[in-house]
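Trainee: In our numbering, the protein residues as written are 20 to 238.
Hints in this document: simulated from the structure, not taken from any laboratory. Certain hints may be false.
The list that follows gives simulated cross-link-like pairs (lysine-lysine, DSBU-like), each with its CA atoms no further than 30 Å apart [claimed, not checked]:
hint	residue 1	residue 2
1	Lys169	Lys134
2	Lys214	Lys165
3	Lys186	Lys30
4	Lys77	Lys107
5	Lys209	Lys189
6	Lys189	Lys102
7	Lys37	Lys102
8	Lys77	Lys37
9	Lys136	Lys209
10	Lys126	Lys138
Quick caveat, the model's predicted, so the values are computed rather than measured.
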Amino acid sequence: NKRDISGIEEKVINLYGKGLSTREISDFIEDIYGVELSATMISNITDAVLEEVEEWQKRPLKAVYPNAMQQRCIVHLIRNSVKFVSYKHLKEFCNDLRTIYKSNTEKEARENLEKVKQKWNSIYPTSLKVWEDNWEAICTLFNYSKELRKIMYTTNAIESLNRSYRKYTKTKGVFPSDNSLIKCLYLATKNVEKKWTTRYPNWDMIYNELNILYPNSLN
């Protein structure tokens with residue numbers, strides 16, 4: 020019946036990083052180890068990461084791109100375009116939009132946009148305006164190969180990270196302080212990073228292309 024409470028602080032920090040409240044952590048530790056931890060004690064234990072958080076926030080970035088070009092998310096543009104399109108036209112309309120963002124060059128894409136406008140403008144004038152208004156942040160897509168475009172055309176990677184944050188924070192109705200939220204998000208980030216191990220398809224080809232386009236920018 021010997022109790023082993025070694026590494027209890029690390030366990031508390033890991034549980035906090037998974038989105039558990041101080042009450043849930045206290046109940047868990049008491050059930051497993053028979054040790055009572057107050058909310059204040061748990062808060063003090065997790066405060067140990069604040070110094071690490073500060074260092075992490077102030078860390079020098081390995082790659083800074085002051086001349087970066089902006090690329091709009093194509094998926095969001097499509098969603099905005101079809102928002103008010105009738106269901107009976109939806110499939111045909113989406114197929115026509117595909118001719119724009121699947122073009123090989125910017126010139127071809129612009130020509131296809133004009134064709135789509137001629138076809139649909141009389142019915143859905145605002146649906147194509149979003150493409151014209153954001154064209155300068157769309158046309159950068161055509162400077163790259165199709166393999167590289169697959170990374171750029173959507174913000175799925177960012178949205179996936181945001182979903183992970185929501186997963187860790189939604190269990191708490193309120194955070195008692197800014198530091199409480201910062202600790203949770205930082206530890207959630209460390210947990211999510213452990214899953215970033217999948218190699219992107221055709222990465223060697225993409226990496227070589229980026230090195231040619233932006234020499235001395237990649238390590």
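Trainee: With reference to the structure, classify each hint as holding or not holding.
Mentor: We went through each hint and held it up to the structure:
With a CA separation close to 24 Å, the supplied pair Lys169 and Lys134 stays within the 30 Å bound. Distance hint between Lys214 and Lys165 is fulfilled; the C-alpha atoms sit about 26 Å from each other, no more than 30 Å. Between Lys186 and Lys30 the CA atoms are separated by roughly 19 Å; this keeps the pair inside 30 Å, and the hint holds. A hinted pair counts as satisfied when its Cα atoms are at most 30 Å apart, and Lys77 with Lys107 does not qualify at roughly 53 Å.
For the proposed pair Lys209 and Lys189, the alpha carbon gap of about 18 Å is at most 30 Å, so the pair holds. The hinted pair formed by Lys189 and Lys102 meets the criterion: a straight-line CA distance of about 28 Å does not exceed 30 Å. The suggested pairing of Lys37 with Lys102 is violated, with an alpha-carbon distance near 36 Å, which exceeds 30 Å. For the given pair, Lys77 sits about 24 Å from Lys37 by alpha-carbon distance, which is consistent with the 30 Å threshold.
Note on Lys136 and Lys209: the hinted pairing is violated, with a Cα-Cα distance of about 46 Å set against a maximum of 30 Å. Restraint check: the Cα-Cα separation between Lys126 and Lys138 comes to about 19 Å, which is no more than 30 Å; the hinted pair holds.
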